[in-house]
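Participant: With the sequences and hints as input, model every part of the structure.
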Amino acid sequence: MKYVAFTLVLFLVFMGIIELSILGVRIYRGQRIAAESTPYEASRPNASKSLLIVGDSTGVGTGAVRPQESIAGRIAVEFTDVNITNLSTNGAMVRDVYEQLQGTGDRSFDVILMHAGANDILYFSPLERLRESVHALLESARKKGGYVIFLSNGNIGLAPAFFPPLSWIYTWRAKKVRRLFMDAAAELGVQYVDLFREKGDDPFSADPEQFYARDFLHPGSEGYRYWYREIKAQSSLATALGS
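If you want my numbering, it's the position in the sequence shown, counting the first as 1, plus 15.
Just so you know, the hints here were simulated from the structure itself, not pulled from any lab data.
Fair warning: there could be bad hints in the mix.
Straight-line C-alpha distance at most 20 Å; calculated SDA-like pairs for lysine to any residue [claimed, not checked]: (1) K159 <-> A62; (2) K159 <-> G204; (3) K247 <-> M197; (4) K159 <-> F178; (5) K158 <-> A201; (6) K247 <-> D217; (7) K64 <-> K159; (8) K190 <-> Q206; (9) K214 <-> A201.
Computed Cβ-Cβ distance ranges for the label pairs, DEER-style [said to hold, decoys possible]: (10) G215 <-> N61: 41 to 49 Å; (11) P180 <-> A151: 16 to 24 Å; (12) M197 <-> T119: 22 to 30 Å.
Since the model is a prediction, treat every value here as computed from it, not as a measurement.
A virtual CB, placed ideally from N, CA and C, is assigned to each residue, including glycine.
Facilitator: Printed below as a string of C-alpha cells:
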C-alpha cells in the first residue's frame with residue numbers, strides 16, 4: 016500500500032512538473048507576442064466621429080496576426096469616418112485603465128470602448144478593491160463619452176494555457192468578476208458586453224487552434240473576429256459610429 020501511495024505521489028509530482036513546464040513555455044510565448052504588439056490607431060483629423068479605446072492586451076490586439084485584425088483594426092476598416100485613439104497597454108489592470116482614461120485630460124469622445132478585468136482575474140485582485148476601481152472607471156468614462164461600452168475577457172479558466180486545478184480557480188474567479196462588472200455597469204448605465212460562456216457553449220474551447228493565439232491565452236485573429244461580432248450584437252457601437 017505504501018508503495019502504491021508513493022508511486023501515485025511521484026506520478027502527480029511528475030505531471031505537475033510537466034504542466035508547469037508547458038505553462039512556462041506558453042507564458043514566454045505570450046510575452047513575445049505582447050512585445051511584438053502595438054495598439055492600433057487611426058488618425059483621421061477630419062472624421063465626424065471619435066472613438067477612444069482603453070484597456071489591457073485585448074485592447075492592444077495582442078495575439079492578432081495583423082493589427083487590422085484586432086478589435087480596433089476591425090472598427091477602422093468598417094467605419095472609415097472615425098478617428099480612433101487607442102491608449103491600451105499590455106498587462107493593464109482596471110486601475111491602470113482608469114489612469115489611461117485620465118490621461119486624455121478634458122477631451123471627450125463619441126464612443127469609449129473599454130477592455131479590462133483579465134489581469135485582475137489572473138493576479139487575484141481583491142474583489143472589494145476591484146469593485147471600487149471599476150466604479151471609478153465607469154463613472155469617469157460616462158463623463159467623457161457619449162456612448163460607453165465595457166467588456167472583459169470570457170471564461171479565462173477554459174484557456175488551454177491552464178490546467179486543473181488552476182483552470183477551475185480561474186473559472187470561479189471569472190464568474191465572480193463578471194457578476195461584479197455586470198452589476199456595476201447596470202448601476203451606472205454603461206453597456207456591458209458579456210463574453211463569458213460555459214464550456215459547452217464556448218467556441219474558443221471547442222476549437223482552440225482557430226480562436227486562440229499561439230500562447231493559447233490571448234485571442235487570435237479569429238477570436239477577435241468573434242468578439243467584434245459580439246460587441247456589435249450586444250451594444251450600440253454600430254449605431255454610435257454611424258453604420
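Participant: Against each hint, give a clear statement of whether it holds in the structure.
Facilitator: Here's how the hints hold up against the structure:
1. Proximity of K159 to A62 is assessed by CA-CA distance (about 18 Å); at most 20 Å being required, the pair is judged to hold.
2. With a C-alpha separation of about 14 Å, the suggested pairing of K159 with G204 holds against the 20 Å cut-off.
3. Note on K247 and M197: the hinted pairing holds, with a Cα-Cα distance of about 18 Å set against a maximum of 20 Å.
4. A hinted pair counts as satisfied when its Cα atoms are at most 20 Å apart, and K159 with F178 does not qualify at roughly 41 Å.
5. Between K158 and A201 the alpha-carbon distance is near 16 Å, which keeps this suggested pair within the 20 Å criterion.
6. With a C-alpha separation of about 18 Å, the suggested pairing of K247 with D217 holds against the 20 Å cut-off.
7. Straight-line distance between C-alpha atoms of K64 and K159 comes to about 14 Å, which keeps the hinted pair within the 20 Å bound.
8. Taking the CA atoms of K190 and Q206, the gap is about 18 Å. The hint holds against a cut of 20 Å.
9. The hinted pair formed by K214 and A201 fails the criterion: a straight-line CA distance of about 26 Å is larger than 20 Å.
10. Separation of G215 from N61 is about 48 Å and conforms to the stated range, judged on CB atoms against 41 to 49 Å.
11. Hint check: P180 to A151, Cβ distance near 33 Å, so the stated range 16 to 24 Å is violated.
12. For the pair M197 and T119, the supplied restraint of 22 to 30 Å holds, since their beta-carbon distance comes to about 26 Å.
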